[in-house]
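Model the full assembly from the supplied sequences, consistent with the hints where possible.
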Amino acid sequence: MKRRIYGIETEYGLLIKEEDFKYGPIDVAVRIKNHIFDQKQGVLDLHYRANDEPPGNGGFLANGGRIYLDMGHLEYASPECSNLVDLITFDRAGDEIVQKALEELGWSEQVAFIKNNVDLETNATFGCHENYLVSRAFQFDNRENLRLLASFLVTRQIYAGAGRTGACNPQPFRDWDDIHQTRKDEEKVNFQISQRADHIPNEFYRWVQYNRAIVNTRDEQLSDPSKYRRIHLLVGDSNMSEFACALKMGTTSLMMELIELGVANPEWILSNSVDTMRDISRDPEFKWEITLRDGKPTTALELQWGMLQAGKKYLAGSSSDADWVLEAWESVLTDMPKGPEALIGRVDWASKYWLLTEFMKSENVGWQDPWIKSLDLEFHNLNKAHGLYWGLEANGDAHRKTSDEAIRFAMSSAPKGTRADGRGELVKTLLECQTGYLIDWIGFRLNKEEPFLMLDPFVSYKKEIQEYLRRMDLQEPFDGKNYFR
Amino acid sequence: MEMNDPLRREEKKESTPDRKDDGPSRPDVSRPGRDDLLKRMKKVDPKQSEKYKQRTGQ
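Just so you know, the sequences run in chain order A and B.
In terms of my numbering, the first sequence opens at residue 1 and continues consecutively.
In terms of my numbering, the second sequence opens at residue 486 and continues consecutively.
Treat the hints with care, since some could be wrong.
To be verified - Straight-line C-alpha distance at most 30 Å; calculated DSSO-like pairs for lysine-lysine:
(1) A:Lys296 / B:Lys538
(2) B:Lys527 / A:Lys188
(3) B:Lys536 / A:Lys338
(4) A:Lys188 / B:Lys528
(5) A:Lys188 / B:Lys532
(6) B:Lys527 / A:Lys22
(7) A:Lys338 / A:Lys313
(8) A:Lys384 / B:Lys536
(9) B:Lys527 / B:Lys538
What the hints assert, rightly or not - Listed below are several chain A residues computed to face chain B (Cβ distance under 10 Å; list not exhaustive):
(10) Asp70
(11) Asp119
(12) Thr125
(13) Tyr210
(14) Pro284
(15) Gly306
(16) Leu356
(17) Ile372
(18) Leu377
(19) Glu378
(20) Leu388
(21) Glu449
(22) Pro451
As the list claims (entries may be wrong) - Taking CB as the label site, the calculated pair distances span:
(23) A:Gly24 / B:Pro531: 14 to 24 Å
(24) A:Glu104 / B:Lys532: 25 to 35 Å
(25) A:Ser271 / B:Pro531: 36 to 46 Å
(26) B:Pro517 / A:Glu327: 20 to 30 Å
(27) B:Lys532 / A:Thr334: 33 to 43 Å
(28) A:Gln466 / B:Pro517: 19 to 29 Å
(29) B:Gly518 / A:Trp367: 53 to 63 Å
(30) A:Phe21 / B:Pro517: 29 to 39 Å
(31) B:Pro531 / A:Arg136: 50 to 60 Å
Calculated from the structure, these hints are not laboratory results.
Only a predicted model underlies this, so the values are computations on that prediction, with no experimental measurement involved.
Don't be surprised by glycine CBs; every beta carbon is placed ideally from N, CA and C.
In structure tokens form, the structure reads like this:
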């Protein structure tokens, strides 16, 4: 497996459980963000990052990641990670940072963080964004590459989906579109395997809100643009299972590598990826029948087997991560025909489906009972005393990829082997200083000095930053008026 | 690689799939822990989904 930089951005949902709670979800998000920075876990931005990101809207953390407010959601961006264990550890560290803040504020019984991607009542949706650093040679103007990636992303939901009850029935996604003919009648959907499938109307597009695409083509490298491309995907679901998240990111990385090597098979391309995405997600029998571009019928499972075989042929032995992914991928595809119970703890939709169907049998209720929607949400509750996923973990059914000890460490320490390490050093130093600063993913600037650039995400820059900081007067008070020349 | 760094230790320990046993079994009505999970589920407010008022994000 090629060296990769991975990152995950999570937009958290906030459930205000207590009827008369003094704050609404947006106020709660603001206060939790403020609490995290008041506790000196990071440094707030002193500058505008965008029109809707004023100073104080968010900031970088001592672990190299970021917490900020975005479109009414509290969002955590993991630091750049160079392997899957670090990625899962630092993703979970974000969950722990926000949950700990909730508990410290004394609100953990009245408010819950829900790590999902859809409001089941209003169908508002919010994202889990995956970031992969690839070489600049990965061509985005080669539509065959993008179609191959789309075929993979559409079919990976059979193990990467987090599942949801009900559906967001068709709306014309774009003013110039009709509703798809076959979807004009309201489909009755009890359960689907993906949270996001109903919200992705395009195969390729660069927007990140509403007109979302299976392959987001926004070109924002956050690194040296002559060497790298950052593939920023928003098609996937937030995972509760560490195994599922590692498998999702790991298989996607392998698929990108097959494309980069030029060995991805064009016969894998789907006839209509957008419709296929929703058809797979909504299939009540989990047959996941699909049609390829050449008209050949097959299934999502078979297509994934083909991709796995190519991965084994070209990438086996290339790294310990690649070998873990190939073995885990094969184990899941092998067990998939056995049904959801065989996948508990490794595939989120399957865990959720099993829990909900067991509950329905026990309580003699059906899919349309509002309790089922509420349980769907509770699967994603980050509070370990209540959340259903944590019940599976307590039961020994969670397949872990990291440990609680490592997650605690990652709440305040940056990952090694990437520029996040240097950034973490910078943030820890700034927490003790008065100097003015401007920090971004690609570098920083202190007072009126020239910017310190960190264009290569594979370089930690830690020693250089330590040396740079030693030369600076870090007690010079911040002069906001004259800082941004 | 520093041995006192729990992340590094974890990475080394967890470099292969987590379970090496025979894998999950076929459906079993008496799956261990099922009753505890059902108890946890019964405590959930049946109407809490109506209280979840989120804005569309990205």
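Exercise. Is the interface hint for Glu378 (chain A) satisfied, with its Cβ closer than 10 Å to some Cβ of chain B?
Worked result: This hint holds: Glu378 (chain A) lies near chain B, its Cβ roughly 5 Å from the closest one there, short of 10 Å.
Exercise. Lys338 (chain A) and Lys313 (chain A): Cα distance at most 30 Å?
Worked result: holds, 26 Å
For this session: Report holds or violated for the interface hint on Leu377 (chain A), using the least CB-CB distance to chain B and a cut-off of 10 Å.
Result: holds, 6 Å
Problem set entry | Given pair status - Lys22 (chain A), Lys527 (chain B), alpha carbons within 30 Å | Distance of about 27 Å is within 30 Å: holds.
For this session: For the pair we were handed, Lys384 (chain A) and Lys536 (chain B), check the Cα-Cα distance against 30 Å.
Result: holds, 20 Å
For this session: Confirm or reject the claim that Gly518 (chain B) and Trp367 (chain A) have a C-beta distance inside 53 to 63 Å.
Result: violated, 24 Å
Exercise. Measuring from beta carbon to beta carbon, are Pro517 (chain B) and Glu327 (chain A) in 20 to 30 Å?
Worked result: With Cβ atoms ~26 Å apart, the hint holds.
Problem set entry | Proposed interface contact between Pro451 (chain A) and chain B, which counts if any beta carbon pair is under 10 Å | violated, 27 Å
For this session: Just tell me: holds or violated, for the beta carbon distance of Gly24 (chain A) and Pro531 (chain B) against 14 to 24 Å?
Result: holds, 22 Å
Exercise. Under the criterion of a CB-CB separation shorter than 10 Å, is Thr125 (chain A) in contact with chain B as hinted?
Worked result: Holds, because the Cβ-Cβ distance from Thr125 (chain A) to chain B comes to roughly 6 Å (cut-off 10 Å).
For this session: With chain B as the partner, please determine if Pro284 (chain A) meets the hint condition of a C-beta pair closer than 10 Å.
Result: violated, 17 Å
Exercise. Is it true that the CA of Lys527 (chain B) sits at most 30 Å from the CA of Lys538 (chain B)?
Worked result: holds, 22 Å
Checked against the numbered hints given earlier, this structure breaks hints 1, 3, 14, 15, 21, 22, 28, 29; the rest are met.
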